[in-house]
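Residue numbers (the numbering used here), protein chains in the order written: chain A, 179 to 477; chain S, 179 to 477.
Misleading hints may appear alongside valid ones.
A pair counts as met if it fits within one copy or between any two copies, since identical chains are not told apart.
To be verified - Dumping the calculated SDA-like pairs for lysine to any residue here, alpha-carbon to alpha-carbon at most 20 Å:
id, residue 1, residue 2
1, 255, 398
2, 200, 326
3, 314, 296
4, 255, 310
5, 428, 280
6, 428, 207
7, 461, 444
8, 212, 180
Treat the hints as calculated values from the structure; they're not laboratory data.
Please read these numbers as outputs of a predicted model, since none were measured by experiment.
2 protein chains.
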Amino acid sequence: MPVTVECVPNFSEGRRKEVVDKIVYSIRSVPGIKVLDVEMDPDHNRSVVTFTGNKETVQEGAFRGARAARELIDLNKHKGQHPRMGALDVLPFVPMSGVTLQDCVEIAERVGARIAKELKIPVYLYEAAAKKPERKNLENVRRGEFEGLREAILMDESRFPDYGPRVLHPTAGATAVGARMPLIAFNVNLRTKDLGVAKQIAKKIRASSGGLPCVKALGFMLEKRGMVQVSMNLTDYTVTPISRAYEAIKMETDAAGVEIAEGEIIGLIPLDAVCDVASRFLKISNFTSNQVLERRIWG
Amino acid sequence: MPVTVECVPNFSEGRRKEVVDKIVYSIRSVPGIKVLDVEMDPDHNRSVVTFTGNKETVQEGAFRGARAARELIDLNKHKGQHPRMGALDVLPFVPMSGVTLQDCVEIAERVGARIAKELKIPVYLYEAAAKKPERKNLENVRRGEFEGLREAILMDESRFPDYGPRVLHPTAGATAVGARMPLIAFNVNLRTKDLGVAKQIAKKIRASSGGLPCVKALGFMLEKRGMVQVSMNLTDYTVTPISRAYEAIKMETDAAGVEIAEGEIIGLIPLDAVCDVASRFLKISNFTSNQVLERRIWG
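Okay, chain A solo, but in the shape it has when bound (with noise of 0.2 Å):
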């Protein structure tokens, strides 16, 4: 089984396609590393690159692409509506296949201190690589962003970087590196215009009023469908799976004699995912994504 670890660093750069382009060569310049999507956008000024390699390789290119953003990126200079405090500002890994989790946080650690150390770049962990619960936020980690983080980092103990020096790096700034789960987008679409009954399901199932955990959901209209939309963030599908949230959503639905029109999944959706919602409803507690044929093909 092929070992697969996905790294999705987002860089302050999303305006100049020379400067990118670089930053991904470089991250490019490892074996056995593919680029699977960058991202530029110019109104955030922020590009989001998205790769994979093995435990060994997605960490020498995550560190080439923090060292090619260090030379090229001058954050003094850097004006965009995203929140940032680094020029590489945030770098998640994300276990794909044949890794785990906790496989990723090391990997993060290793990471942070590697770039803290050669790099001279202050690194905070977050997410599942937190080492101080309020860090698993990152909206905590980059609090005044870059500008206010310059002054705080020096006095504010609770803002001491887990690892390198205790001082911003002058154009570089600050990193947050961290391992997090898979995201998966899902929305559910409801044959009603009645926007209440959406938002009223999101409320019950999101774990932020005590509903599923690791689901973050809201209400939204859909107003050309004429329909309304419980619009779901599935933050570790192996505590709430898929086929879960969905049957708690057709339970709402039904005692408010709502139908369901369709489900979504935006964007991409790891194959373990796919395989659990088909275990599920076919109640096949041993089926794995080993038995995928092109999964013996491919892998």
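Please arrange chain S on chain A, whose structure you already have, making use of the hints.
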């Protein structure tokens, strides 16, 4: 998207490993071919090789396997339980990714014609590639086996081959070349010891007694587990999806007051079939295997 065709040749040799190795080696000698599985069965004196390639390489691999079998296997000396008429006995092509059943029919025709012409072996087209309706069923094609077909092919017009000489190859016999959808072996186990229930449900849902198309089903007793089983082969999951077979059984078990204990997928299953299950149960009309992350990495 990678184009993948699966090919599952059955060779009439399951005892002499050196012979099977040479045949597999000749298939593998085509760049791009992946041999996924080789199963030697000494009782049947037969080997089943599973390999994949694209539309071109799969043809070359199949032809080289046919040529090696013709050199190495003499059917006059072959004994085994399984019916057979050729050194390369059957050669089915199966659509996997980015390719249709119709594409596989054309591949079967091209490879069949080449085997007939270059190797002087009579070829019968069967299943989806059949040009005569009675040849859809392999049993009709192979009736009488090597020994019986030797005479029949000379005089019985209904046994004339689709391609090649109207006489068996003296040592390699004849070959059936075909195209079919991937088979899915799907079982549903019921929490009862009443075998009659399983047999009755199997009869109700199988195609041969007027049930769901492309479904073969039998009822079995699972002595050790104290349950009964509806054991199915789905011969085209695009006609009758796994989810529809499951729900048909669920309707019957509900009516009979019996509980479904579990489902089972035996062996491998195409990615598209897994995605189909997920999309149907979650009501996602436009979900495809292109949204599976690993497909981007591996494919």
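Hints, verified against the model:
{"no.": "1", "hint": "255 - 398", "in the structure": "neither (37 Å within a copy, 73 Å between copies)"}
{"no.": "2", "hint": "200 - 326", "in the structure": "neither (29 Å within a copy, 70 Å between copies)"}
{"no.": "3", "hint": "314 - 296", "in the structure": "neither (25 Å within a copy, 68 Å between copies)"}
{"no.": "4", "hint": "255 - 310", "in the structure": "neither (31 Å within a copy, 75 Å between copies)"}
{"no.": "5", "hint": "428 - 280", "in the structure": "neither (33 Å within a copy, 39 Å between copies)"}
{"no.": "6", "hint": "428 - 207", "in the structure": "neither (48 Å within a copy, 53 Å between copies)"}
{"no.": "7", "hint": "461 - 444", "in the structure": "between (25 Å within a copy, 14 Å between copies)"}
{"no.": "8", "hint": "212 - 180", "in the structure": "both (14 Å within a copy, 16 Å between copies)"}
Hint compliance for this structure: hints 1, 2, 3, 4, 5, 6 are not met, and every other hint is.
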